[in-house]
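Q: Protein sequences appear in the order of chains Y and S. Per the working numbering, residue 1 is the first one in the first sequence, and the count goes up by one each step. Per the working numbering, residue 10001 is the first one in the second sequence, and the count goes up by one each step.
It should be emphasised that the hints constitute simulated quantities derived from the structure, not laboratory data. Note that CB positions come from ideal geometry on N, CA and C, so glycine has one too. A hint or two may mislead.
What the hints assert, rightly or not - Per the computed footprint, the stretches of chain S lying under chain Y, defined by three or more beta-carbons under 8 Å from a beta-carbon of chain Y, are: (1) 10034-10047; (2) 10460-10470; (3) 10513-10524; (4) 10672-10683; (5) 11088-11095; (6) 11143-11153.
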Amino acid sequence: MRVELSTTYLGMELRHPIVAGASPLTGNLDSLRRLEQAGVSAVVLPSLFEEQIVQTELQLDALYEYYAGTFAESLTYFPELREYNTGPRDYLKLLKLAKRSLSVPVIASLNGSSPGGWVRFAKQLEDAGADAIELNVYFVPTDPRMSSEEVERRYADLVAFVKNAVSVPVAVKIGAQFSSLCHFARQLADSGADGLVMFNRYLEPDINLNSLQITPHLVLSTRNELRLPLRWIGILRDQTSMSLAASSGIHFPEDAVKLILVGADICMMTSALFKHGVEYVTEMVREVENWLEINDYVSIEQAKGSMSYSNCPDSGQLERANYMKAITSYTPMR
Amino acid sequence: MSEQRYITVDGNEAAAAIAHLTNEVIAIYPITPASPMGELADYCTNRGRKNIFGVVPEVIEMQSEAGAAAVVHGALQTGALATTFTASQGLLLMIPEMFKIAGELTPAVFHIAARTIATHALSIFGDHSDVMSVRSTGWMMLCANSVQQAQDMALIAQAATLESRVPVIHFFDGFRTSHEVNKITPIPEEAVRGMIDVKLVDEHRQRGLNPEHPVLRGSSQNPDVFFQAREAANPFYQAAPAIVQNAMNRFASLTGRSYRNFEYVGSPDARHVIVMMGSGVGAVEEALDHLSAKGEDAGLLVVRLYRPFDAEGFLAALPKSVERIAVLDRTKEPGALGEPLYLDVLAAIAEHDWSAGNGHAACRPDVIGGRYGLSSKEFTPAMALAVYQELRKAAPRRHFTVGIYDDVSQLSLTWDADAIEEPASVTRAVFYGLGSDGTVGANKNSVKIIGEHTDLFAQGYFVYDSKKSGSVTASHLRFSPKPIRSTYLIRKANFVACHQFGLLERLDVLEVAEQGATFLLNSPYSAEEVWDRLPKLTQQQIIEKQLQFYVIDALAIAREAGLGTRINTAMQACFFALAGMLPRDEAIRFIKEATRKTYLRRGESVVERNCLAIDSAVEKMQRVPTPAAVTSEAGMIPALLPSGDEFVDHFTAMVAAGKGDLLPVSAMPLDGTFPTGTARYEKRSIAAEIPVWDSAICTDCGLCAFVCPHTAIRVNAYPETCLDGAPADFASKPFKDKDLAGHRFTVQVAPDDCTGCGVCVDVCPAKSKEVVRHKAINMEPKEPHLARERANFDFFLGLPAVDRTQVKADTVKSSQLLLPLFEFSGACSGCGETPYLKLMSQLFGDRAIIGNATGCSSIYGGNLPTTPWTKNADGRGPAWCNSLFEDVGEFGLGIRLAADHRMQHAQHLLKQVAGRIGDDLVAAILESPQSSESEIAEQRRRVDQLRQRLRGVADLAARDLEDVVDALVRRSVWIVGGDGWAYDIGFGGLDHVLTSGRDVNILVLDTGVYSNTGGQASKATPRAAIAKFAANGKPSRKKDLGMLAVSYGNVYVAQVALAANPVQTLKAFHEAESYRGVSLILAYSQCIAHGIDMSTGMTHQKQVVQSGMWPLYRFDPRIAPEGAHAFRLDSRKPTISFEEFAATEARFAMGMQADPEHAKHLVKLAQKDIDDRWHYYEQMAAIEHQIVANGEAK
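Using the sequences and the hints given, assemble the complete structure.
A: Here is the structure:
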């Protein structure tokens, strides 16, 4: 008997839980088509970065103003071009093309830098046909006067702004470094978030010892990183009705199975697809199905959350953070 | 506002738009002030804009104006409608083709922004000396007097040439018309079509070369028929004036604007008439209005069609009452009986049969001729009035000048500058700003806003100074209910804005303010604080002129809005709020609309930020109550420090202070000769931040001084005893050098000469162990360091120079101990060219003669008021001359030949007097190889000895020898130019020089673009780079000039990038100079037109070498005869891809942003170029050469 693999994410019916997460692999139509052929159930496009758009526009403006109107013989230094291709045009073009060419849902990802920008670009993504929007919210709070509450409030406000502006579902991709992740998740849900993506992986600094310069790096995930979403999805599954997407460290079919068992609605894959090629999706789906079948599960829905905090045999293990000598209970404590 | 449609454009745009609509082939070459016409045509073609025939015209940039004219000639001969745009020397280069085009009766129009021809000096400004130099070519000459006419005459010319088959020079005044922004009525495309007779176009096409019905044109003719053939064209010239007039009439019926070949303005019964053409007409018309208001009769005959000169038409246009005529020419023909228009008028009058009546007064009018307005010299209504006054005199001067004070030939008329006031109904606004703050751009927008949103007429004219860094701009804007004819600067403004607080102590910005005017100041101080911060002169004028004084902290507003230092929109908003030409809300709305229109293509965020600045500025502007008394004692900073040299302190100081107009003829150098060493007196103090040295970290490498584009960082090593009397804060450290053990070492900034470019900090390799970002040299705000560093620099200048003969100058450190003889140029901040010139001056400057091609290096090297070329303590230094753009190769060769000849002459004389001088000394002089610093010094010592001994020799030959004795010291001849010269316009000459075998050193400052004229592509532009005329990225590979030179075998060739490999650069300079044949150094020079942060320019140099785009090599023919490897590849195999490098420079990256697919294709090709070139060079480096020795090298 075949296992029913379908799952629901952000209100969308997906054929199965294996989704291509935001990465350069989802950044061009050719690769998107190959992902679909390999069998992904949805794709998340790479983020549209407002900061990058603004930076490009300001750079362009600065370029044309640099030394312009300074010297009588050279009042300008660059020719005016037919088109500067600033703004989100390329991104929206890709989104429209993806929607036109793919049958699976296309989720757009947005990284804004101003309240106006979040709303404006989210609206444009919706207008361009995005089935859902993933908000890639991240900033490094360096100001010592900014409290963690303020940081969380900023996230929540942004979600509320965007939710007010669009009618498509909105997921929030968050980092794991919040003091009270469950409280924060509830705030986001209260602000209207339809789902959480756990977790974001960031560009992190390194030092070049020859030049003594900081060099940012983004490395592919390792399987070990799976543990963090495993814990938090397991804990949050029982607390929220929001969709939960696992992202980070999903390299093998059993990784996906584990995440589903703790309650993930979908599993977003990136690093493994870089390593093994997009065709690896086919194997992932097949092997997840095999495991469920071998273990007599009839559907994903049946397995989903069956090992969440409330449902697992030893919930304490999910919240344990420090290694302690094993405590054995000899008799029930009263 | 009225229904009539208007546009606000400048003269270049007005003419070029018509040219693009009515032509099929456009060949151009950049030259100021005509370059924007070509650029606009290129832009239209790039945007796919079609001509009236429904096809997008071909636009091609050529290697010179001669090339452009030849392309036009070829296109015309093949039946296309073809045109070009040029000026000045460019037009002169077209002359041979122009004779051909006219001789073949070919319809064509050239559009000319008339500019001064270089004589004793180059000038980019406007007069008619260029167009008057082509009047014998057989072209019609049609003059436009205004921006409106630049458009209208462009079309009339095109229509008339098609019918007459006589080509037309359509010209208007460079800058005054070409760059003046004015509100004009555009010509609808239907009217353009209505003017161009397709039947005539078809006839032209039919005459084109066609193998289907072949003809031969351009034959060689013999004495038997040539003469008659020339005369055969006469009927065409006879018919031409009527054809032009008919075209004007047709134009009037289509547009409502009526013109005549000769147009009379003024009293119908005037006795005194001025005859002239060009933009000065506007000023004369205003003088006529003034006279008419006083009930005085006078007239003006405007010449539109100058050639063919229609004598009958001219006489018919004159009023019958005319008794005296003053002909004004905007050109000078030394030695002629008069200037061209004057002579033509005289001839027309002389040839007329006055006895026959012919509708005219029986009495032949007297004609006098005057020159005015050379090189855009101001020509005002008051000056025109002086001409009328001269005509009224009992015995007017036959020849005169107006606009200058000529105390030598006594030719100038005096004029009362205040004789005519501009009407009160005209808003006259003058804005002072810096080039970098966007003042000019905002003001151009203001003219457009008023011109296109109100019934007011609007005019903008912009004045720039001679510096490329820290330059001051003045914008003159007029707004009037009537069309504006005032073709001169505003003398009395009712609105004055100063966009930079610091200008108040350097410029008398309120001199131009009239009584009761509004004064807007960008001030970091509030209304309460500002008064006591003002210089005394500013306070005095505010009180005396009862100015309405407002302040705004535009910099704070710009920064808050995320616009950095771009204060222009904030200032513009305040202007509109104060000027009252529009209701404030409406004005703000229009500014925002204009802002959106200007910036939207760059992005929404740019629009948003500007709009934010606009709102904030209007809200925060403050009125300053004017105190009753002056409280400030702060004086003005003189433009030039006293030098002790009478000429510099008088002449140069006046020019530097912006008072050059007041200098009389007698003050002028007769032949364009000026002293060097003057930039050091011009303490412009333009840097906000200066480098500050931390001696504790410094490793004495000298790189900071080596790369400093402005010679504002100096190093010196000196005995410790020299520190006696040093300022307390004067920093020094032990010098790490075995040859100068025990010496102290100092890195010193010249705080008032530094431009704050930051290049020194970029290259400094020494970092603090505790704070890694702290280097041995760091940019810090200038003010806290200024007084101390001034004192330190003064002391530093007094330190003894190192003994040149003891310095090997083979390392960066040692080379920088040599005194630079090129300092404090006004080049762009962070310029990539100037460090090479400074290095050359350090190594060889005391014996160098430099021939410098026109371009950036001739502008920052030789544009008045001052020059960076300077002298050492002995008074020796580079002797510098700029001839032209295209000729410096040959010019420099001429210098070499003369230097060699002078040496031979001196040696010949020396041999004659040898017996009386002493054979040993003579032999030593004659045999000295003079190939090292110490040998040069020795030779100088011997020549001094010789000079002394000659005094005791009573002999004619001894006297002759005294005159040429200097020539016994070997001259180092340098030919300097940019890639525009070397790769394009001057390549033919350069190529010949390369084969000459003579001892010249050619330094090509290769920016890969025409930098001085604003970034047009040259053959040195690398593939994929975006430049003007390569807006889609240059499609072709960069020319390999170095290898062309290598192919001759006997040319020393080096390709260098001073920051990438300083020692290789040093070696190349030494080897080139010591080689007694032709040497060519190609020097990579970063430029504004690369689209980089110039403070990191030297890092870009390193990367360009790492990418392989600019491999370093040296080819030394001295090694070749030995069968060795003469070609040495000095850089390593590329370590970064071109794509990686390209992403760091906007010239490449813009393409990737704008059209990623096309850019990727070009980037791929560019990488292939690099790979192929590297492979080729590697093979070259492995070749053992057997080149015949350079026998003829001297």
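Q: Which numbered conditions among the earlier hints are violated in the structure presented, ordered from lowest to highest?
A: The structure breaks hints 3, 4; every other hint is satisfied.
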